[in-house]
Amino acid sequence: MQDKPTLMLVDDEPNILSALKRLLRPDGYTILAYEDARQALADMDGRPVDVILTDQRMPNMSGVEFLRRARQSHPDTIRIVLSGYTELQFVTDAINEGAVYKFLTKPWDDEQLREHIREAFRSKGIADENRHLTEALRAANTQLQAHAQELERQAGQLENTLDILQEVLQLIPWPILGVDDDGMIALANAASEALLGQQGMPLMGQNLSESLGDEARAWLGQAGETPQAVELAGQRFNVVRRPMGRKSRSRGHLIALMPLEARS
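If you're matching positions, the sequence shown starts at 7 in this note's numbering and goes up one per residue.
Since the hints were made in silico from the structure, they are not lab data. Note that the structure is a prediction, hence the values are computed from the model and not measured. Take the hints with a grain of salt, since some may be wrong.
Listed next, the in silico BS3-like pairs over lysine-lysine satisfying Cα-Cα at most 25 angstroms (straight line) [said to hold, decoys possible]:
| hint | residue 1 | residue 2 |
| --- | --- | --- |
| 1 | Lys112 | Lys27 |
| 2 | Lys27 | Lys108 |
| 3 | Lys130 | Lys108 |
| 4 | Lys10 | Lys27 |
| 5 | Lys253 | Lys130 |
| 6 | Lys112 | Lys253 |
| 7 | Lys130 | Lys112 |
| 8 | Lys108 | Lys253 |
Here are the computed distance ranges between Cβ atoms for each label pair [what the hints assert, rightly or not]:
| hint | residue 1 | residue 2 | range |
| --- | --- | --- | --- |
| 9 | Asp42 | Ala146 | 38 to 46 angstroms |
| 10 | Ala145 | Gly211 | 42 to 50 angstroms |
| 11 | Met207 | Leu177 | 19 to 27 angstroms |
| 12 | Met190 | Gln151 | 39 to 47 angstroms |
| 13 | Leu110 | Gln151 | 42 to 50 angstroms |
| 14 | Val174 | Glu267 | 19 to 27 angstroms |
| 15 | Glu121 | Arg53 | 48 to 56 angstroms |
| 16 | Gly211 | Ser254 | 32 to 40 angstroms |
By construction, the Cβ of each residue, glycine as well, lies at the ideal position given by its N, Cα and C atoms.
Build the full structure now, drawing on both the sequences and the hints.
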């Protein structure tokens with residue numbers, strides 16, 4: 007359940023405070039009333055206050071000075087001066103520096119004063135909502151930045167892993183080929199390029215049976231997970247073909263050619 011909005015009244019004249027409380031209590035505010043501005047400041051610590059309505063001429067501290075100090079601890083409050091004295095310079099300075107939201111004069115019109123107070127609470131509500139939205143946007147932006155940094159870190163790790171795997175593949179001394187379902191070579195290590203490459207053209211992107219010709223077609227259809235001995239480019243190999251996609255979304259086959267020792 008949301009707390010009622012809080013209105014603080016400060017006036018050194020008890021009869022004025024009583025009249026203001028009678029007038030404003032039916033509007034549903036939590037009303038805090040003080041005859042001493044110093045006591046009001048002391049009690050504001052740790053207490054939510056939305057709107058302050060204070061007299062200007064009070065002993066020990068003027069209304070404007072009270073609002074200046076109140077602004078330091080409660081900068082989001084809406085601060086109103088209600089006074090029978092129009093000290094224009096003080097009021098102008100206070101309004102210009104943001105200490106005072108509005109200056110009202112005594113004697114007041116009841117309905118006009120109630121409407122001014124309602125307007126002050128509406129302004130406070132809008133300011134609070136804007137602040138909450140700003141904080142939520144700031145928090146969301148912080149989360150997005152953290153998420154983006156994490157994605158960048160993961161991408162860097164993945165790129166590093168791929169570089170390592172690529173280097174490992176190239177260092178394997180036996181020919182390794184990756185072939186998609188259409189027979190196109192999607193992966194070829196240095197050993198396979200040295201064995202099967204022609205005229206400096208890279209194997210990747212070529213059709214396997216076209217790049218190897220009739221010699222490949224003779225064993226491609228037969229090669230499986232059981233090693234099969236073949237002769238290729240004047241050398242003997244055990245050929246093993248393994249289907250991809252058992253633990254990933256990849257498709258096609260990985261073909262490994264394991265050199266056999268020459269017959270004596």
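Practice prompt. Kindly indicate which numbered hints from before are broken by the structure, ordering the numbers from low to high.
Written response: The structure conflicts with hints 5, 6, 8, 15, 16, although it agrees with all the remaining ones.
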